[in-house]
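The task is simple: from the sequences and hints, build the whole structure.
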Amino acid sequence: MILGTASWLLGKVYTFSQSSIEALVGDVAESLSRSYEQGLGIRDAANELREVFQGLKGSRLRLIARTEINQAQNESAQRTMEGFGVQYKQWLTARDSRVRGHDPRDKANHIKLHGEVVGIHERFSNGLYIPGDRTGPIVEWINCRCRVRPYFSNSHGRS
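As numbered in the numbering used here, residues 10 to 168 make up the sequence shown, in order.
These aren't lab readings, by the way, just hints derived from the structure by calculation. Since the model is a prediction, treat every value here as computed from it, not as a measurement.
FRET-style restraints, in silico, Cβ to Cβ:
1. R43 x R158: 45 to 51 Å
2. N152 x G50: 34 to 40 Å
3. R75 x V34: 21 to 27 Å
4. I129 x I151: 22 to 28 Å
5. I120 x Q63: 30 to 36 Å
6. G64 x G94: 44 to 50 Å
7. I120 x G50: 48 to 54 Å
8. Q47 x N152: 32 to 38 Å
9. E125 x E57: 44 to 50 Å
10. I120 x E91: 24 to 30 Å
11. E91 x N163: 19 to 25 Å
12. K116 x A55: 35 to 41 Å
13. R158 x A55: 46 to 52 Å
14. R71 x L49: 27 to 33 Å
For each residue, glycine too, the CB sits at the ideal point set by N, CA and C.
Here it is as structure tokens:
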């Protein structure tokens, strides 16, 4: 467990979760509108709505949890490294077939980032400060499982 992650999660604004709620509201409105246009009764309209909420139970909730917690852990790791005077940080992937970049349709490539080392206050080559950094494009940070860790160079510079 990374020091400060829980308190950071408690205090942060859940912009991603807020957008999920906005999308859910849109899905509810669309479902109700479609039910009305089809002339469905209350019971059938409620069944249609149930399907909207069923979709939120599974993968969507895991996506939200993974995105929020991983980003919080990486942010806390970054602040901890800065606090200890670490000079370099390294990007690590999960090193499995789900890492971005395996599929040619992926708009982001985290495979090429694995092992990349930058200065503690620098951005990685994809423009993110840390994995999960929301200042970058959403395709880079949503559902990201990558981690940042301290990197210690040898006496000859980065290795």
